[in-house]
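As they're listed, the protein sequences go chains U and A.
Under numbering that gives the first Met the number 0, the first residue of the first sequence carries the number 0, and numbering increases by one thereafter.
Under numbering that gives the first Met the number 0, the first residue of the second sequence carries the number 0, and numbering increases by one thereafter.
Since the hints were made in silico from the structure, they are not lab data.
One thing to keep in mind: the hints can contain errors.
Straight-line C-alpha distance at most 20 Å; calculated DMTMM-like pairs for lysine to aspartate or glutamate [what the hints assert, rightly or not]:
#, chain 1, residue 1, chain 2, residue 2
1, A, K131, U, E39
2, A, K18, U, D5
3, A, K18, A, D36
4, U, K8, A, D36
5, A, K102, A, D239
6, U, K8, A, D35
7, A, K272, A, D52
8, A, K131, U, D40
9, A, K131, A, D158
10, U, K8, A, E16
11, A, K32, U, E25
12, A, K18, U, E20
13, A, K285, A, D52
14, U, K8, A, E23
15, A, K18, U, E22
16, A, K18, U, E25
17, A, K131, U, E38
18, A, K32, U, D5
19, U, K8, A, E30
20, A, K107, A, D239
Listed next, the stretches of chain U that the computed footprint assigns to chain A, with coverage defined by at least 3 CB atoms under 8 Å from CB atoms of chain A [claimed, not checked]:
#, region
21, 6-15
22, 32-39
What you are looking at is a predicted structure, and each value in this text was computed from that prediction instead of being measured.
Virtual Cβ for every residue (Gly too), placed ideally from N, Cα, C.
Here are the chains, one letter per residue:
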Amino acid sequence: MTVGSDAVKGEIVSCPDCGAELEVTEITPVALALAPEAEEDWGE
Amino acid sequence: MNKNPTVGVLLSRVRVEEKLLLQELASRGVETKVIDDRTLVLPTEHRPDLGVDVVLERCIQHGTALYALSILDGWCVPTVNTYEVAEVCGNKLLTTMRLVRHKVPAPKTRVAFTPEAALTAVEELGYPVVMKPLIGSWGRLVSKVNDRESAEAIVEHKDVLGNYLHSIYYVQEYVAKPGRDIRGFVVGDETICAIYRYSEHWITNTARGGRAENCPVTPELNDICVRAAKAVGGGIVAIDVLERDGELLVNEVNYTMEFRNSIDTTGVNIPAKMIDFVLDVAKRAKN
Numbered sequence: 000m001t002v003g004s005d006a007v008k009g010e011i012v013s014c015p016d017c018g019a020e021l022e023v024t025e026i027t028p029v030a031l032a033l034a035p036e037a038e039e040d041w042g043e
Numbered sequence: 000m001n002k003n004p005t006v007g008v009l010l011s012r013v014r015v016e017e018k019l020l021l022q023e024l025a026s027r028g029v030e031t032k033v034i035d036d037r038t039l040v041l042p043t044e045h046r047p048d049l050g051v052d053v054v055l056e057r058c059i060q061h062g063t064a065l066y067a068l069s070i071l072d073g074w075c076v077p078t079v080n081t082y083e084v085a086e087v088c089g090n091k092l093l094t095t096m097r098l099v100r101h102k103v104p105a106p107k108t109r110v111a112f113t114p115e116a117a118l119t120a121v122e123e124l125g126y127p128v129v130m131k132p133l134i135g136s137w138g139r140l141v142s143k144v145n146d147r148e149s150a151e152a153i154v155e156h157k158d159v160l161g162n163y164l165h166s167i168y169y170v171q172e173y174v175a176k177p178g179r180d181i182r183g184f185v186v187g188d189e190t191i192c193a194i195y196r197y198s199e200h201w202i203t204n205t206a207r208g209g210r211a212e213n214c215p216v217t218p219e220l221n222d223i224c225v226r227a228a229k230a231v232g233g234g235i236v237a238i239d240v241l242e243r244d245g246e247l248l249v250n251e252v253n254y255t256m257e258f259r260n261s262i263d264t265t266g267v268n269i270p271a272k273m274i275d276f277v278l279d280v281a282k283r284a285k286n
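This is chain U alone, in the form it adopts within the complex (with noise of 0.2 Å):
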């Protein structure tokens, strides 16, 4: 997938073909892992 040349360390994208969320783990590099599913006390 492409990420767009603004992304941030930490910044959470979508895969468009199936949906997951990744997370920027490197930007040179660009790496990405999958983003951990939402916990218990997580929200707003």
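Following the hints, position chain A against chain U.
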């Protein structure tokens, strides 16, 4: 020399909201430090030296936000929101008590501490009722209880499967919504905008698929939202409001508000208003 304060953004991950806030800070040339809560170590014995004038809290985990703010507030580091607001808003019972004490209309609520007493509370309010965990967001584990059998099952599940907080039973009257509820966004002393959240489901959170439309901020809506915000300690909060026969009731108050679906919907630059407030807090703290 930079006239603007340095802003620390305490975050877990950069979601759409955090990206917009960081872009807003960058567009103003505000010196900004991103503080990743996953690598943060805070001292307790002395003032944390974060090199910032104010901390904008954007953690995704309530526990992380709460305890980080407790240390920062304890050492008089200006924060948005404050520890008090996080503590109150992060707990539905504490929120309810603040609303009641400040005479802000809210759904009737009962609290019980044993399964038997929880069933008594449910029947006292009358079916249907809503049972909610004290801590949680996005409508998770919120249950509409329509009859005695459902109540018994939910109470048993909470008793057996949940942690101790699930055995503090928070039971609320069910308010039949007209297919929507309202979310008002309060920054300081003003409801800057509001949305209707429409859903076929009784849970209307946009995080759960609810559809957003602009909601005009009437004087009545502004009043109840600002009063709810002040009741929990003020700052930047999102107020969930229910409508019942022309009456407005405050359902919940959110202290790390999400707003990605509300900027285009309302035409209000929510992150800009938030950063105005954050900079104002920092400036007031300096003076």
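Going through the hints against the structure:
{"no.": "1", "hint": "K131(A) x E39(U)", "verdict": "holds (13 Å)"}
{"no.": "2", "hint": "K18(A) x D5(U)", "verdict": "holds (10 Å)"}
{"no.": "3", "hint": "K18(A) x D36(A)", "verdict": "holds (16 Å)"}
{"no.": "4", "hint": "K8(U) x D36(A)", "verdict": "holds (13 Å)"}
{"no.": "5", "hint": "K102(A) x D239(A)", "verdict": "holds (16 Å)"}
{"no.": "6", "hint": "K8(U) x D35(A)", "verdict": "holds (10 Å)"}
{"no.": "7", "hint": "K272(A) x D52(A)", "verdict": "holds (18 Å)"}
{"no.": "8", "hint": "K131(A) x D40(U)", "verdict": "holds (13 Å)"}
{"no.": "9", "hint": "K131(A) x D158(A)", "verdict": "holds (13 Å)"}
{"no.": "10", "hint": "K8(U) x E16(A)", "verdict": "holds (15 Å)"}
{"no.": "11", "hint": "K32(A) x E25(U)", "verdict": "holds (18 Å)"}
{"no.": "12", "hint": "K18(A) x E20(U)", "verdict": "holds (16 Å)"}
{"no.": "13", "hint": "K285(A) x D52(A)", "verdict": "holds (8 Å)"}
{"no.": "14", "hint": "K8(U) x E23(A)", "verdict": "holds (17 Å)"}
{"no.": "15", "hint": "K18(A) x E22(U)", "verdict": "holds (13 Å)"}
{"no.": "16", "hint": "K18(A) x E25(U)", "verdict": "holds (16 Å)"}
{"no.": "17", "hint": "K131(A) x E38(U)", "verdict": "holds (16 Å)"}
{"no.": "18", "hint": "K32(A) x D5(U)", "verdict": "holds (17 Å)"}
{"no.": "19", "hint": "K8(U) x E30(A)", "verdict": "holds (18 Å)"}
{"no.": "20", "hint": "K107(A) x D239(A)", "verdict": "holds (15 Å)"}
{"no.": "21", "hint": "6-15", "verdict": "holds (count 5)"}
{"no.": "22", "hint": "32-39", "verdict": "holds (count 4)"}
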